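Now for the letters of each chain:
2 protein chains.
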Amino acid sequence: MSRTERVWTAALVVIGDEILSGRTQDRNIAQVARWLQVQGIRLSEVRVVSDDMGAIGDAVNALRVAHDYLFTTGGIGPTHDDITVDAVAAALGVEVVVHPEARAMLADYYANKPGGLTEARLRMARVPEGAGLIPNRMSGAPGIHHGNIFLMAGVPHITAQMLDGLTGTLEGGAPLISETVGCWTAESEVADILREVEAAHEDCQIGSYPFFREGRIGANFVIRSTSAEVLQRAVDTLCEALGEEGHDFTPGGI
Amino acid sequence: MSRTERVWTAALVVIGDEILSGRTQDRNIAQVARWLQVQGIRLSEVRVVSDDMGAIGDAVNALRVAHDYLFTTGGIGPTHDDITVDAVAAALGVEVVVHPEARAMLADYYANKPGGLTEARLRMARVPEGAGLIPNRMSGAPGIHHGNIFLMAGVPHITAQMLDGLTGTLEGGAPLISETVGCWTAESEVADILREVEAAHEDCQIGSYPFFREGRIGANFVIRSTSAEVLQRAVDTLCEALGEEGHDFTPGGI
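Protein sequences appear in the order of chains A and B. In terms of full-length UniProt numbering, the first sequence opens at residue 1 and continues consecutively. In terms of full-length UniProt numbering, the second sequence opens at residue 1 and continues consecutively.
Note that these hints are calculated values from the structure, not bench results. There are no misleading hints in this set.
One copy or two, either will do: identical chains are not told apart, so a pair holds if it fits within one copy or between any two.
Derived SDA-like pairs (lysine to any residue); straight-line CA-CA distance at most 20 Å:
#1 113 with 137
#2 113 with 189
#3 113 with 247
On a predicted model such as this, the values are computed, not experimentally measured, just so you know.
Could you put together the complete structure from these sequences and hints?
Below, the structure written as structure tokens:
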């Protein structure tokens, strides 16, 4: 690809006191990041904010103009602490309305369940005015999109359903591809090699991720590029340089 | 405690392309969050940014003035992609200098290791001018503190060592305490109860976290307060209300 090709970027706002209290281990950052890679969109920034109208609104307004796409996870359920729709509507300066199609989906889903479509459940049909829906086969309650903003559930396997529903629908650029080279060497011993290989290849970044495993020190070097050709050249150069210095390395990673 | 007592807040900047690419599952948000709770400090916001001078600097400058404490994880190792020290120094408008004590620690640590104290390893003694060190018994390379900013390693078990070194050294307020009540009921069926119990108790928040387990739907309700007395009253009220409606609930959580 040409180096001047457009890069598509996204930001993610993870909403929820349960993440900020450490009670729940977030899984959505990695999940959304991997999904975006496949769409050719780069996740550039993530913010984790509390269940607070102002905090959500500030993050949404800062990020929706700075990126091609903005995703949120969390806070679209039926309980009083689910305020994402209200916060995003306030940030956009639009009303909250009941989406007729979402209402129909929920009525259908809860038709044969105890309690039926209660007031609380009907909260999940509320959207910022002008919004469309993201299908969710799992629980009846859809995700929401409004312009370049995508509001998704916080429960990871429901988030996954919504990402699945969006697959292939967003315009993106060339995905960033990567190769890993593992090495049973302290990263500090090969820091010069890494820097030189990265500098010698345009459109290439190398990350170094040390580990301690089986009582030994090592590191995985992840080489990333949007070009398969550049990537291969950089990997070859790196392996050659590691081999010349006698390091114990493994293409594909350790 | 009095409701006007000072609340201490912190922000966390997670630095690293490996998190934003989805290659690495972050563990530091939850780890730092739980540690802060014990110190009586509330984690209010997290940003995940790429290995980019501008992105790191912008996040650091936005958050260090908005919170009592700012923590960072990642990017303080020996390789070319470790630029946190440079980015923070630039954000603060100070020089990067070699800290004599850090240099001595590294010289000692690498004295009997192959290669000794190389140029790359010496990078880990670089600090923003005016900084102090955070001890790290694990790998010789210390963390760094500068004013209200704490720069820590990205590898979770090294981060843990640095947090351990900081335990009890930071001023905090009354820690937020919590109790959990689990319930084999769809959260949408008890949304009214949750909202009413929260509204009836000042200095109390209730979060609702649904799950699907053993083929059944349920939710854990986490009640948080800085007052043990308020917390107990809210838990009692919630259990009473759930019991009255015949829900199958479990104090302590499911």
